[in-house]
Amino acid sequence: MSAPLLETRGLTRRYGGLTAVEGVDFSLPQGQIHALIGPNGAGKSTFVSMVSGRIPESAGRVLFEGRDITALPAHRRIRAGMAYTFQITAVYGRLTLAQNIALALRSRDRARILAALARVGLEERAEQTCGDLSYGHQRLLEIAMGVAQAPRLLILDEPTQGLAESEIEGFNGLIRSLAGETTILLIEHNMNVVMALAERITVLETGRVLASGSPEEIRANAAVQEAYLGSA
Amino acid sequence: MSPGARSLALHGGLIALLFALGFLLPAYHQGNLARIMVLATYAVGYNVLFGYTGLLSLGHAMFFAAGMYGLGLPMQHLGISALPAFGLGLLSAALLSTLVAFLALRTIGVAFMIVTLMFSQAGFLTILYFGTWTRGDEGFVIAQASRSLAGVDLTQPLARYMAALVLFSVALLLTARMMRAGFGQVLIGVRENEERTRMLGYDVFRHKLAAVIVSGTLSGAAGAAYALLFGYVGATFASVQYSIFPLLWVLLGGAGTTIGPLVGVIFMFYLIDWSSGLTNAYMLVAGLALVLLTLFARAGLMGEVRRRWLPWLP
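If you read the protein sequences in the order shown, they are chains A and B. Each residue of the first sequence is one higher than the last, beginning at 7 in our numbering. Each residue of the second sequence is one higher than the last, beginning at 803 in our numbering.
Heads up, some of the hints might be wrong.
Computed spacing ranges between beta-carbons, pair by pair [said to hold, decoys possible]:
no., chain 1, residue 1, chain 2, residue 2, range
1, A, 170, B, 997, 34 to 44 angstroms
2, B, 1046, A, 82, 37 to 47 angstroms
3, A, 170, B, 900, 28 to 38 angstroms
4, B, 900, A, 156, 56 to 66 angstroms
5, A, 82, B, 1106, 56 to 66 angstroms
Pulled from the structure, derived: some chain A residues nowhere near chain B, Cβ distances all over 12 angstroms [as the list claims (entries may be wrong)]:
no., residue
6, 13
7, 15
8, 16
9, 73
10, 90
11, 95
12, 101
13, 133
14, 135
15, 143
16, 148
17, 171
18, 182
19, 183
20, 223
Honestly, the hints are just simulated from the structure, not real lab data. All values derive from a computational prediction rather than experimental measurement. Think of the CB as a built atom: it goes at the ideal place given N, C-alpha and C, for glycine as much as any other residue.
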């Protein structure tokens, strides 16, 4: 078996006296769609922020394609083949959709821009200003910007938050279409989406890994039910 | 029309108009416009940093002065001719802006404003301190005989006007080209959302660094040209007032528009020119106009034009 695309060893983040993420060992094989779930405050966003370099780790290491990237700043990690979409939509509100995509693509090739927008069905709105879009469309644009970078690892932080049911179906289709070419790490609260997409699931609780396994295993796991699914 | 063709038509048309005005205007306004174009070059430089990158500097007078003294001192004391002295002016501004960028970009927001202001004040005081050579506040006049470039006498009104036009055109076309290229789009990305830009894999610090250097060097080019074309070098141009001016010009004309800086300088220049004919308290009139504009045209003149009528305006 080849080396995992992403690996973390003892990844830890402390905020003053609070430990948000504690000693997480995590391994993500090439091509997998992996969901990260857990109650609010479990440390999911903190964990992926450390993976992408947005926030510095307190301890531990991050390996990407077998290379230790712990010391690399965020923009170098992105250039190495990661893409990150924000939990709170972070598109350029005063720029057009085309300008947003061009920055993600690093190209102003019109055909490529329209193709990237078409993946989320927004190609008709290429010249609109982003801030005028509905929240759901902004979320889709954000996802399109992640996909447009053609990353080897796509990190999605609660992508379906604020999407309508019909848009969620489109989102599921998009993620499935990426399967094989892109490895995906997905934070998600919507269990229907998780069960529909994820090949493996890791459950975080109070900053630690509670369980990791296939969707069936997670569903059957008593500790997980107690901590998370049962209360949902 | 494609954005590239539009940009060429707009900027080419503006330059052609300014060229024609050089022959058509009466002497008084021709002289004014020459001065305006040099100051507009300063504003174009300031706009790269403030309008496009979103960094508010309160110390650009140091770059303007670096160009001015970088040209003036060697001409005055070493007898160097105008062209190499202009190169030295550019070099001084480029070096100073590189140094200041590395130090000031460790800060953001209000701290960046204060740090640039402090550096600029230090520069101003340095000029006063070395009064033996700089003649301090009083300044010095560059000998008329030495103010010529490639055999063209820059003290002649038309030659001076055309030299100012060349300077302004180069600055305008350079920034227009830069802002349409990937580099400029990333600067806009930094202005609009720094964290998002970083998380698209761009080295934000390096882009800001480049923006400060381009902005500072253009400001220095304007300072050097001002000394060469108008023959005077003085510490006033390094004072805080000359750091505030480009901010006002750019705000009035429209931050983040290519022709806003020129519009802002023309507006302010003629507002003061006109109101000082009415009353001694002309700054009151200028101040009132500024207040009205910030109330009713917050994006500046060209910014409002873009918002209301011409969304494609670069």
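Right, here's what the structure says about each hint:
1. Separation of residue 170 of chain A from residue 997 of chain B is about 27 angstroms and departs from the stated range, judged on CB atoms against 34 to 44 angstroms.
2. Restraint check, residue 1046 of chain B to residue 82 of chain A: a C-beta distance of roughly 39 angstroms satisfies the suggested window 37 to 47 angstroms.
3. With their beta carbons about 51 angstroms apart, residue 170 of chain A and residue 900 of chain B fall outside the hinted range of 28 to 38 angstroms.
4. Checked against the hint of 56 to 66 angstroms, the C-beta distance between residue 900 of chain B and residue 156 of chain A comes to roughly 35 angstroms, which is inconsistent with it.
5. In this structure the hint that residue 82 of chain A and residue 1106 of chain B lie 56 to 66 angstroms apart at CB is violated, the actual value being about 41 angstroms.
6. At the 12 angstroms boundary, the C-beta of residue 13 of chain A stays outside the reach of chain B, the nearest C-beta of that chain being 21 angstroms off.
7. Distance check on residue 15 of chain A: its Cβ is at least 23 angstroms (rounded) from any Cβ of chain B, clearing the 12 angstroms threshold; non-interface status holds.
8. In this structure residue 16 of chain A is separated from chain B by more than 12 angstroms, as the shortest Cβ-Cβ distance comes to about 24 angstroms.
9. Against chain B, the non-interface label of residue 73 of chain A holds: every CB pair exceeds 12 angstroms, the least being about 16 angstroms.
10. Its beta-carbon lying about 5 angstroms from the closest one in chain B, residue 90 of chain A breaks the requirement of being farther than 12 angstroms from that chain.
11. Residue 95 of chain A, annotated as away from the interface, has a beta carbon of chain B within 12 angstroms; the closest lies near 10 angstroms.
12. Not every beta carbon of chain B lies more than 12 angstroms from that of residue 101 of chain A, the smallest distance being close to 6 angstroms; the non-interface claim is violated.
13. Not every CB of chain B lies more than 12 angstroms from the CB of residue 133 of chain A, the least distance being 9 angstroms, so the non-interface label is violated.
14. A beta-carbon of chain B comes within 12 angstroms of the beta-carbon of residue 135 of chain A; the shortest separation is about 9 angstroms.
15. Every C-beta of chain B lies more than 12 angstroms from that of residue 143 of chain A, the closest at about 17 angstroms, which supports listing it as non-interface.
16. Not every CB of chain B is more than 12 angstroms from the CB of residue 148 of chain A (nearest about 9 angstroms), against its label as outside the interface.
17. Consistency note on residue 171 of chain A: stated as away from chain B, and its beta-carbon is indeed over 12 angstroms from all of that chain's, at 28 angstroms minimum.
18. Its beta-carbon lying about 25 angstroms from the closest one in chain B, residue 182 of chain A satisfies the requirement of being farther than 12 angstroms from that chain.
19. Against the 12 angstroms criterion, residue 183 of chain A stays outside the reach of chain B, whose nearest CB is about 22 angstroms from its own CB.
20. For residue 223 of chain A, the requirement that its beta carbon stay farther than 12 angstroms from each beta carbon of chain B is met, with the minimum near 33 angstroms.
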